[in-house]
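Chains A and B, in that order, are what the protein sequence lines are.
Quick note: the first sequence uses my numbering, first residue 556, plus one each step.
Quick note: the second sequence uses my numbering, first residue 556, plus one each step.
Since the hints were made in silico from the structure, they are not lab data.
Honestly, I wouldn't trust all of these hints.
Claimed, not checked - In silico DSS-like cross-links for lysine-lysine, where the CA-CA straight-line distance does not exceed 30 Å: (1) K652(A) / K696(A); (2) K586(B) / K687(B); (3) K652(B) / K687(B); (4) K651(B) / K561(B); (5) K651(A) / K561(A); (6) K576(B) / K561(B); (7) K651(A) / K586(B); (8) K692(B) / K652(A); (9) K586(A) / K576(A); (10) K652(B) / K617(A); (11) K687(B) / K651(A); (12) K576(B) / K586(B); (13) K651(A) / K692(A); (14) K561(A) / K586(A); (15) K651(A) / K651(B); (16) K561(B) / K687(B); (17) K651(B) / K696(B); (18) K687(A) / K698(A); (19) K652(A) / K652(B); (20) K687(B) / K617(A); (21) K576(A) / K561(A); (22) K652(A) / K586(B); (23) K651(A) / K687(A); (24) K561(A) / K687(A).
There are 2 protein chains.
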Amino acid sequence: MNDLMKIYFAGSICSGRQDSKIYREIISYLKQYGLVLTEHFGDDDVLLDMGGRFSDREIHDKDMAWLLESDVIVAEATIKSLGVGYEIGRAIEHHKKILCLYRPTVNLRMSAMIAGAPGIVLAPYDTLDEAKSHIHKFFSKIK
Amino acid sequence: MNDLMKIYFAGSICSGRQDSKIYREIISYLKQYGLVLTEHFGDDDVLLDMGGRFSDREIHDKDMAWLLESDVIVAEATIKSLGVGYEIGRAIEHHKKILCLYRPTVNLRMSAMIAGAPGIVLAPYDTLDEAKSHIHKFFSKIK
């Protein structure tokens with residue numbers, strides 16, 4: 556009874572939005588594998604949430620509720636981000652399946668805490684096709 | 556029977572070492588409150604651990620063992636770092652007491668996931684004296 560799989564996409568918000576186009580493309584591709592609970596993380600107006608529309612506590616609690624509800628975490632971790640690290644740390648404790656995409660040409664040294672964590676599938680990529688191939692392989696294994 | 560309190564100091568390693576002098580000063584000050592399990596995070600040769608001396612898995616498992624053994628986490632989170640975020644996320648799940656120091660003049664927008672997490676004492680500072688004052692207040696309350 557595999558209903559729609561729930562996916563938490565994690566990407567940098569406060570640490571910089573320069574990869575938001577890549578996030579949108581990954582999120583769009585992910586939709587064939589399930590419901591992306593954090594689809595709006597690809598939108599540039601996600602930053603408006605920070606500007607007073609919601610308190611930090613409201614943002615944290617809403618995102619954590621989605622994280623806990625999800626079956627799978629797909630992180631794009633090229634931009635070094637406290638929030639993405641935090642989400643991965645909490646997801647590990649809840650035994651979530653985690654795919655961690657990153658571009659090693661930009662993030663020259665992935666954190667040893669992420670690269671060395673058991674249970675994270677590390678997926679270095681260069682082109683978007685490579686990222687999609689990692690995603691496809693990851694979901695094929697957990698279906 | 557308060558033996559020596561065990562402190563896990565967290566700071567950026569792979570995401571940049573430009574704050575290492577500040578880390579050393581904080582670690583040195585922390586020693587009056589307990590045993591700093593990760594004292595070497597202030598040393599610049601901590602990067603040698605990454606260069607092949609230990610695998611990512613060994614680094615992760617060693618640091619996680621210290622994190623779990625500690626009573627208190629003191630993070631310097633000015634530099635955006637996946638590792639520090641990860642450590643804070645895992646520490647929260649283990650109900651550790653967490654002090655999160657950062658310099659808002661450098662980190663202009665602290666992650667909402669950190670700023671909004673219940674259980675983290677957020678401690679923005681500018682001068683080292685202010686950081687010490689935050690630390691003193693934090694330990695005074697948990698003694």
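Consistency of the hints with the structure:
1. Distance check on the hinted pair: K652(A) and K696(A) sit about 11 Å apart at the alpha-carbon level, within 30 Å; holds.
2. Straight-line distance between C-alpha atoms of K586(B) and K687(B) comes to about 12 Å, which keeps the hinted pair within the 30 Å bound.
3. Restraint check for K652(B) and K687(B): the C-alpha separation of about 17 Å stays at or below 30 Å, so the hint holds.
4. Proximity of K651(B) to K561(B) is assessed by CA-CA distance (about 11 Å); at most 30 Å being required, the pair is judged to hold.
5. Among the hinted pairs, K651(A) with K561(A) is consistent with the structure: their alpha-carbon atoms are about 11 Å apart, no more than 30 Å.
6. Simply put, K576(B) and K561(B) have alpha-carbon atoms about 22 Å apart, close enough for the 30 Å limit, and the pair holds.
7. For the proposed pair K651(A) and K586(B), the alpha carbon gap of about 36 Å is over 30 Å, so the pair is violated.
8. Distance hint between K692(B) and K652(A) is unfulfilled; the C-alpha atoms sit about 39 Å from each other, more than 30 Å.
9. Our distance criterion of 30 Å between C-alpha atoms is met by K586(A) and K576(A), whose separation comes to about 16 Å.
10. Between K652(B) and K617(A) the alpha-carbon distance is near 23 Å, which keeps this suggested pair within the 30 Å criterion.
11. In summary, the hint linking K687(B) to K651(A) is not supported, as the alpha carbons are separated by about 38 Å, beyond the 30 Å threshold.
12. Using a Cα cut-off of 30 Å, the hinted pair K576(B) and K586(B) holds, with the two alpha carbons roughly 16 Å apart.
13. Restraint check for K651(A) and K692(A): the C-alpha separation of about 17 Å stays at or below 30 Å, so the hint holds.
14. Proposed proximity of K561(A) and K586(A) is supported: the alpha carbons are some 10 Å apart, at most 30 Å.
15. Restraint check: the Cα-Cα separation between K651(A) and K651(B) comes to about 21 Å, which is no more than 30 Å; the hinted pair holds.
16. Taking the CA atoms of K561(B) and K687(B), the gap is near 18 Å; set against the 30 Å cutoff, the hint holds.
17. Between K651(B) and K696(B), the direct Cα distance comes to roughly 14 Å. Compliance with the 30 Å bound is thereby established for this hinted pair.
18. Simply put, K687(A) and K698(A) have alpha-carbon atoms about 16 Å apart, close enough for the 30 Å limit, and the pair holds.
19. Between the alpha carbons of K652(A) and K652(B) the distance comes to roughly 27 Å, so the proposed pair stays at or under 30 Å and holds.
20. Distance hint between K687(B) and K617(A) is unfulfilled; the C-alpha atoms sit about 33 Å from each other, more than 30 Å.
21. A C-alpha spacing of about 22 Å is found between K576(A) and K561(A), which places the hinted pair at or below 30 Å, so the restraint holds.
22. For the hint linking K652(A) to K586(B), the alpha-carbon distance of about 38 Å lies beyond 30 Å, and the restraint is violated.
23. Restraint check for K651(A) and K687(A): satisfied, since their Cα atoms lie roughly 20 Å apart, inside the 30 Å limit.
24. Proximity of K561(A) to K687(A) is assessed by CA-CA distance (about 18 Å); at most 30 Å being required, the pair is judged to hold.
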